[in-house]
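Dock chain C against the given chain W, drawing on the hints supplied.
There are 2 protein chains.
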Amino acid sequence: MLKEVDHSQEIINSIKVAIGTDTAVLHEPRFNGNEWTYLKDCLDSTFVSSVGQYVDRFEKELAGYTNAAHAVAVVNGTSALHMALQIVGVKSNDEVLIPSLTFVATANAVRYCGAIPHFVDSDFGTLGIDPVALRDHLKTTTDFINNQCINKQTGRVIRAIVPMHTFGHPVNINEILAVARDFHLVVIEDAAESLGSTVSGKHTGTFGELGIISFNGNKTITTGGGGAIITNNTELAKLAKHLTTTAKLPHRWEYTHDEVGYNYRMPNINAALGCAQLEQLPDFIDAKRHLFVKYQSAFADLPYVRLVSEPVDCHSNYWLQTLILDETIAEERNDILAATNEAGLMTRPIWNLLHNLKPFKGCPRMDLSVAISLEKRLLNLPSSVHLGEENKL
Amino acid sequence: MLKEVDHSQEIINSIKVAIGTDTAVLHEPRFNGNEWTYLKDCLDSTFVSSVGQYVDRFEKELAGYTNAAHAVAVVNGTSALHMALQIVGVKSNDEVLIPSLTFVATANAVRYCGAIPHFVDSDFGTLGIDPVALRDHLKTTTDFINNQCINKQTGRVIRAIVPMHTFGHPVNINEILAVARDFHLVVIEDAAESLGSTVSGKHTGTFGELGIISFNGNKTITTGGGGAIITNNTELAKLAKHLTTTAKLPHRWEYTHDEVGYNYRMPNINAALGCAQLEQLPDFIDAKRHLFVKYQSAFADLPYVRLVSEPVDCHSNYWLQTLILDETIAEERNDILAATNEAGLMTRPIWNLLHNLKPFKGCPRMDLSVAISLEKRLLNLPSSVHLGEENKL
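As they're listed, the protein sequences go chains W and C. The numbering of the first sequence is the working numbering, which starts it at 1 and goes up by one. The numbering of the second sequence is the working numbering, which starts it at 1 and goes up by one.
Isolated chain W, as found in the complex (with noise of 0.2 Å):
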C-alpha cells in the first residue's frame, strides 16, 4: 500500500541514528564490573544459597542507594508484591487499587492474597495513575463505613493502592498520596521499574508504606531473577524479613515455624551479582539519559509521535525508552512494530489493559480512556545500557 509518508521507515531511520547501530534487542544487561569476582567468591566459598554474605550486603547498599532504613531481598518483584500486599494487611475480599496499564504481575499479587483488583486510569503525561480523575471516581463510587473507604457498587473495603511508575518515570506521587490520606488507603509503591528514579530528590518506593523494586534481567540491573521490598517502617522490615524466610523463629536448632511463610529469599549468588551491578548503575542511569537525548534529536523531524520524559521536579532512570504515536497514526501500530522488529530494531507495545484480560474481565474499575488511548500507541524502543554510553556513539 503507498502512503504519502512511510512512518514506520522514518522511524527505523531515527531509531538508527539515536542507537548508531543497525540492530538492537530491547533491553539487555550490562556486565562491566565486579560480577565475575563476587560469583567466583561465591562459589570458592560454597556460599551460593540461603547462607552468605552478598544478601546482607545487597540489602544494605540498596537501602543506602535508596536512602530508605531498610531493603529485604527477595526472589522476585511479583514476590515482593505479594508479601508487601499481604504485610499492610490486605485480606481476601479486599480491593486493591491498581492501574489498568500495568504488568500482569500486579494484579496476580493482589489475587495471591485473595483480594480484588479494582482498575485505576492513566495519565497521559506520566503514563501512571491520575490522581485527580481516581479522586473524583472515590468521591462518588465510596462511602465511609467504620472508617474504612467502601466500594459502594461491590460494598468490598478498598485496602490499598499501588501505584506505578512507568517505565522509570515517576508518578505523581504526592497527590496520590493525598488522595490515600484522604480515602484511608495503604499506598504500596510498584517502583518494579524505577531504581533510581526520584521525586524531588526523594526514591521512588520510599513514599509509600512499602516500596517493591524488581532485578529482572530486563530491568536497569539485575539479579538473574530479584526482588525487594524498601521501607522506612522498622516494624514491616521485620515482618517481611519473617514472612518471606519461612516464618522460622531463631534458635540453634529447632524448626519452629510461626506463620504460614514463604520461601522469597534472593540466594546469596544472585545477591552477589546484584552487588556488583549496583556499584555500576549511577553509570547505566547517566547512559540511559544519554541514549534519551540522541532519540530526542534524532525524533526531533516526526511530528507524529513523541517520546514520555520526565515529569517536571523528577529524574527517571529512562528505563525503557518509550514512544507514544499521534492519534491519526494510530492504527499504524502493528505496521510499526512489525517493521521494527523485522529490521532487527526491537520494539514492543505496551502490556495488553489487564481490565481485559480474561482472569480480571469481572473486576470493578473506573473509566480507563486514557489507559485505552495509550495502549494502542506505545511503543516501548531499543534501551539497552550499552546504547546510551558515550564511546559506543
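Check before you lean on any hint, since a few could be wrong.
All copies of an identical chain are treated as equivalent in the list; a pair is satisfied when it fits inside any one copy or across any two copies.
[Unchecked claim] Okay, derived cross-link-like pairs now, DSSO-like style, lysine-lysine, Cα gap no bigger than 30 Å in a straight line:
id : residue 1 : residue 2
1  : Lys-248   : Lys-361
2  : Lys-91    : Lys-361
3  : Lys-358   : Lys-238
4  : Lys-248   : Lys-358
5  : Lys-16    : Lys-376
6  : Lys-238   : Lys-361
Since the hints were derived computationally from the structure, they do not count as laboratory data. This structure is a prediction, so every number in the text was calculated from the model and none was measured.
What follows is chain C alone, placed relative to chain W:
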C-alpha cells in the same frame, strides 16, 4: 553430672572417626566441575535471567537423569509443591494428606492453595508415611460421596497425598500408590531430598502424578535456590510451564495472560549452576553412600543408636546421614545436640512436627505416635559430599 557412659562423647568420637576430621558443618555444596565455565558463559552472553539456554538444558538433563518425560525448573522446592498441588486440582477447603514429620514448606504450599493439611503418621523404617496405618485411618474416618474421599469429621474432600522421601530414603511408594488408588487420591511425590534415590531402579518422584525436587543450597546438588516439577504427563507439564511463567500466551509482542499466573521460573544463571552440578551427581551420590558405610562402621559399637539405612530394593542418595537414639536415651537428645555442635560437629534434630506448629494446630490428623517418637530421637550428622570422598579419608 556423672554418667556411667558419656553418650555425647562417644557419639562425637564416632562422628570424627567416620568423617576423618575434627569439625564439619551439616552439609555444604561441592563445586568441582563446570560451575565456573557455565556461569562465565551466562555473564558473557548476558543471558542470566528468564531467557537463555541453561534452563532448557537443565530441564532436559534432569528429565533424562530421572527418566521422567518432562521437567520444569522453578525458583525453589516450595514453589514446585505449590504449583504441583494447584495443577492437579487441589482447591480451597480441600484436605491434603501430608506427613507431620516433614519440612514446613509442604504444609505452607497446601495453604497457598487455600487447602488444609491433614497430618499422617510415619514409619520407623523409612521415616516417611506409613501406608498400613494410613489405610486403617482412611477406612474408618472417610466415606465416598460422588466418587470422592470425604473426611467424615470435617465433611471436606481429601483430594491428594504428598508422600516425602525423608533425607533421601524412599518411602514405601508402591503401597502408598495402592492406598491412593483405593481412596481416589492424587499422588504428588515430594522428592525434594531424594534426587538420585530410586525404588526398584525407578527414580523417586516419577511414581506419582507429579514429583518435585529441591536444589536449595543444602541439597545434594544446588542451583543456589531452585526446584523442579517432574512428570510423565505431558498436559500437566505444559500447564506447569505455563503457570510458572506468568501464564502468558505465545505472541511476537502481545502480553496476553489467560490465567492468574506465577513468576516461578528458574533464572538462567541458577540453571547454569544446576547443569554443572548435575554432571557431578553420580560421583556425589557415590561419596555420600560411602560416607554412610564409614558412619556404619564407626557407630557399630554403640548399642544405643542406629543409623537410618536404605529400605529393601531401594537405592538412597543418603542426602543427610541420620542417627536414631534408642528410647532409653531419648531424653539426652538436646544434650547430644549441644555437645556435638559445641565440639564443632554440626548436628541438628528433625523438624518440629508440623501438627504442633501454631499455624497448623487445628488441622485434622491421624494418630501420630511414630512421628512423635521419631521427633524426640532423631539427629542428622555431618553429610557433605567431600567427607565421603575416598581421597579425604
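Against the structure, the hints:
no., hint, in the structure
1, Lys-248 x Lys-361, "between (38 Å within a copy, 16 Å between copies)"
2, Lys-91 x Lys-361, "both (21 Å within a copy, 21 Å between copies)"
3, Lys-358 x Lys-238, "between (36 Å within a copy, 19 Å between copies)"
4, Lys-248 x Lys-358, "between (37 Å within a copy, 11 Å between copies)"
5, Lys-16 x Lys-376, "within (24 Å within a copy, 70 Å between copies)"
6, Lys-238 x Lys-361, "between (36 Å within a copy, 24 Å between copies)"
Hint compliance for this structure: every hint is met.
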